[in-house]
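A.B. asks: Listed below, chain by chain, are the residues.
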Amino acid sequence: MLAELAHFSLWIAAALALAQALGGEVELRRAGERKALGLLVPAAWAQALLCTLSFGILIWLFAVSDFSVELVASNSHTDKPFLYKLTGAWANHEGSMLLWVAVLAIFGGAAAWRGTALGPRFRVRLIQAMGGISLGFYTYLLVSSNPFLRLDPAPLEGNGLNPLLQDPGLAFHPPLLYVGYVGLSATFAFAIAALIERQVTPAWARAVRPWVLTAWSFLTAGILLGSFWAYYELGWGGWWFWDPVENASLMPWLAATALFHSVGVLATRGSLKNWTILLAVIAFSLSMMGTFIVRSGLLTSVHAFAVDPERGLFLLVLLGIYIGGALTLYAVRASTVAESAPFRPVSREGALVMNNLILSAILGVVFMGTMYPVALEALAGERVSVGPPYYNTALLPLLLVLLLLMAAGPFLKWRQASLKAVGTRLIPALVVGAVLAAVAAAFGMRGVLALVGVALAGWLGAASVMIVAGPKARRLSASSAGTAISHLGVAIMALGIAISSAGSEERTFPLRPGETASIAGFGVRLDGVRPIAGPNYTSLGGQVSIACGDDIFTLRPERRAFVAPMQVTTETDILALLSGNLYAVLGEGGADGRWQVRLHWQPLVALIWIGGMIGALGGAVAAAAGGKRRARERREARA
Amino acid sequence: MIRRLALILPLAAFVIFVIIAIGGLGQPQTRQIESRLVGEPVPDFVLEPMSDARPGLSSADLKSGEPVLVNLFGSWCLPCRIEAPQLDRLAEAGATIHAVAIRDEPAAVADFLSRYGDPFAHIGMDPRGRMQIEFGATGVPETYLIDGDGIIRGQWIGEVRENDVAEILAAMEALR
Chain E
1 MLAELAHFSL WIAAALALAQ ALGGEVELRR AGERKALGLL VPAAWAQALL CTLSFGILIW
61 LFAVSDFSVE LVASNSHTDK PFLYKLTGAW ANHEGSMLLW VAVLAIFGGA AAWRGTALGP
121 RFRVRLIQAM GGISLGFYTY LLVSSNPFLR LDPAPLEGNG LNPLLQDPGL AFHPPLLYVG
181 YVGLSATFAF AIAALIERQV TPAWARAVRP WVLTAWSFLT AGILLGSFWA YYELGWGGWW
241 FWDPVENASL MPWLAATALF HSVGVLATRG SLKNWTILLA VIAFSLSMMG TFIVRSGLLT
301 SVHAFAVDPE RGLFLLVLLG IYIGGALTLY AVRASTVAES APFRPVSREG ALVMNNLILS
361 AILGVVFMGT MYPVALEALA GERVSVGPPY YNTALLPLLL VLLLLMAAGP FLKWRQASLK
421 AVGTRLIPAL VVGAVLAAVA AAFGMRGVLA LVGVALAGWL GAASVMIVAG PKARRLSASS
481 AGTAISHLGV AIMALGIAIS SAGSEERTFP LRPGETASIA GFGVRLDGVR PIAGPNYTSL
541 GGQVSIACGD DIFTLRPERR AFVAPMQVTT ETDILALLSG NLYAVLGEGG ADGRWQVRLH
601 WQPLVALIWI GGMIGALGGA VAAAAGGKRR ARERREARA
Chain P
1 MIRRLALILP LAAFVIFVII AIGGLGQPQT RQIESRLVGE PVPDFVLEPM SDARPGLSSA
61 DLKSGEPVLV NLFGSWCLPC RIEAPQLDRL AEAGATIHAV AIRDEPAAVA DFLSRYGDPF
121 AHIGMDPRGR MQIEFGATGV PETYLIDGDG IIRGQWIGEV RENDVAEILA AMEALR
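Respectively, the protein sequence lines represent chains E and P. Each residue of the first sequence is one higher than the one before, counting from 1 in our numbering. Each residue of the second sequence is one higher than the one before, counting from 1 in our numbering.
Please note: incorrect hints may appear among the correct ones.
Take a look, some chain E residues computed to stay more than 12 Å from chain P by CB distance [stated by the list, open to error]:
{"id": "1", "residue": "42"}
{"id": "2", "residue": "198"}
{"id": "3", "residue": "326"}
Just so you have them, the derived chain P footprint on chain E, three or more residues with Cβ under 8 Å [what the hints assert, rightly or not]:
{"id": "4", "stretch": "274-286"}
{"id": "5", "stretch": "311-325"}
{"id": "6", "stretch": "361-374"}
{"id": "7", "stretch": "387-401"}
What the hints contain is simulated information worked out from the structure, not anything from laboratory work. A virtual CB, placed ideally from N, CA and C, is assigned to each residue, including glycine.
Using the sequences provided together with the hints, build the complete structure.
C.D. replies: And the structure:
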């Protein structure tokens, strides 16, 4: 009964979305915007409630292992730990698409509630646009990916969940990522409404800013969690692989990053109107294209999702309607948006334009690298893989310049800044950067690029700290504080990347129990390997002793064999020290009693995720700050 | 006019994406085995070995009188990991496989081989990716079939898959 109720809720929600998109138009013409809002706002809220209900029921069905529902039967198992029964709800195609529409509906409800800053007519357009976006995804879900199909007779046992996905990191990676992806739909709807109503104004930029920042923060957190999962679960020793699916999440992130920087220019100077609108359209378009690429099997990737060309075609049609429609609207309307006077290169807005140029270039490089194999396969029938050498070569100079400029940007005044004054203020940062690089060199770090990376990280970090802790810190607005926190996060991340990539060491030792080896100053001994019984797997557990100075640590890497479905995973075990991570992977055992024990030392690698999370936090601070400021503006407007 | 064009540009780019995507969906999992270099002799080259333990690769090694395979790979390349078991099976079935490590470091290659299997007879280091151009390869991995006289007889673009193994073995048998 519950599954039918959930399915029915989705149909009602779809009808409400249709009512928002089309009924809103009729009502707007017939009765005016106030009356229309009386219909639209409750519709958006009801839609959000119905979707939440539907998704809640899906989670419940997974929790009680109701195998009469096909999706539960094919993705769950009674032996699964309870947490992974719940997360199984979105660790599959249908469930994740339901999560997508549920988040979309919740954002739609929130936009209907909060989108009041630009007048009732704009709010109508906003709700219409959100409804229109939702409608397509309901159609997709209900027609080609219904999560509530029944099985008759119901099987006694389910198929289980891909064991790679049975991990806390991955359990919460998709929801965070989806909140980020879908959050950009609100930005997209703001852009559509602004184009229709010709309201590309500084007020629009201020209204859209918290939406962009919220989505960006979630997207950042989601990407980081995914990268962290890949790092400790896949056991490949890297944290970013330039895999197409990773790139699919990175591209909207880059566009969103460029977007909230250009939104700042529009809000303050009233410039970059067309560009900002275009970025708002592109950010969500890239989110949808990412989903499409992943779900259609257009690209082969380590993320093995079920490949289904029919679903791919369906999504492609949706993309064509939304992205094509938005870009057409842009081509027609953007020319009528008046631009204001140009500005000077040495100024805050000049720096933000540089930021946008560099981020766009990075986006272009990633886009080319991701799409080139697709294009080549479609046109010439050849399959190729574009690997890290391409990305590293193309992106490194851009990233270094970006780090260099990022430090100075927040110190520049709007309209016109003095290069000399900023240079003088930044001397401490310069010193910190140079000292840090000298320290790194003294610790034995070699390689010009790595040292330059360390120096730039120090320079950016110090400059960011100077803003939060400097003499003007008391009068600092929360949004400037957010900027400084995010930039500090980037500096920490850059430091982690430079140090861990320059200082990492990796060796594989064939060891018999009791034999010893050494890596990066650590003594290593394989104590033994013994079988372990887990809740839904059996495992070979290695015990490796690590001697570090006078301390002895024990690592327990495993090779797990899951029964349902049949699959072997390697569980790395990580010795996390302040100075870095040493991680151990247990490989195949040979007939001669030797085990392949792989050890990987990565100094200070944790800084990558710590920095990233600080960056996401900065975004959240700035988003909340925007909310406070608008509340104050509203109060002042009323007074 | 230029301004107008700039506004239409994003739309045009997207239309191209859609056209390509439709093409990609139309022929999702098909693989064509076509090369401009099939039928041509291998170019002359000499590649450095990765270590003293194993010889490097030169064009002379490919004119051995027996058909051999040449696998272009990189330790940094994900599909290369996927194809490793298939290469192992080819080697077990008696095929001689030589490798060219594209834009790679000896240490990284050694690690790759220890982790994903080592079916290779000779390995030549190609730090600048020159052999990709010499063999007319578009990417990594690619696998070439060379007959006993050093003529390229076949090319498999992308990772060697399960169902390619029998086909490759049959092609090698036919050349003996």
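A.B. asks: Against each hint, give a clear statement of whether it holds in the structure.
C.D. replies: How the hints compare with the structure:
1. At roughly 35 Å, the least C-beta separation between residue 42/E and chain P is larger than 12 Å, which holds for a residue marked as non-interface.
2. Residue 198/E, annotated as away from the interface, keeps every beta carbon of chain P farther than 12 Å; the closest lies near 15 Å.
3. With a cut of 12 Å on Cβ distances, residue 326/E falls inside the contact zone with chain P, its closest approach being about 9 Å.
4. Residues of the stretch 274-286 of chain E with a Cβ under 8 Å from some Cβ of chain P number 5, which satisfies the need for three, so the listed coverage holds.
5. Against chain P, the stretch 311-325 of chain E contributes 7 residues with a C-beta closer than 8 Å to a partner C-beta. That satisfies the three-residue criterion, and the hint holds.
6. Against chain P, the stretch 361-374 of chain E contributes 3 residues with a C-beta closer than 8 Å to a partner C-beta. That satisfies the three-residue criterion, and the hint holds.
7. Coverage of the stretch 387-401 of chain E by chain P holds [criterion: at least 3 residues with CB-CB distance below 8 Å; count 3].
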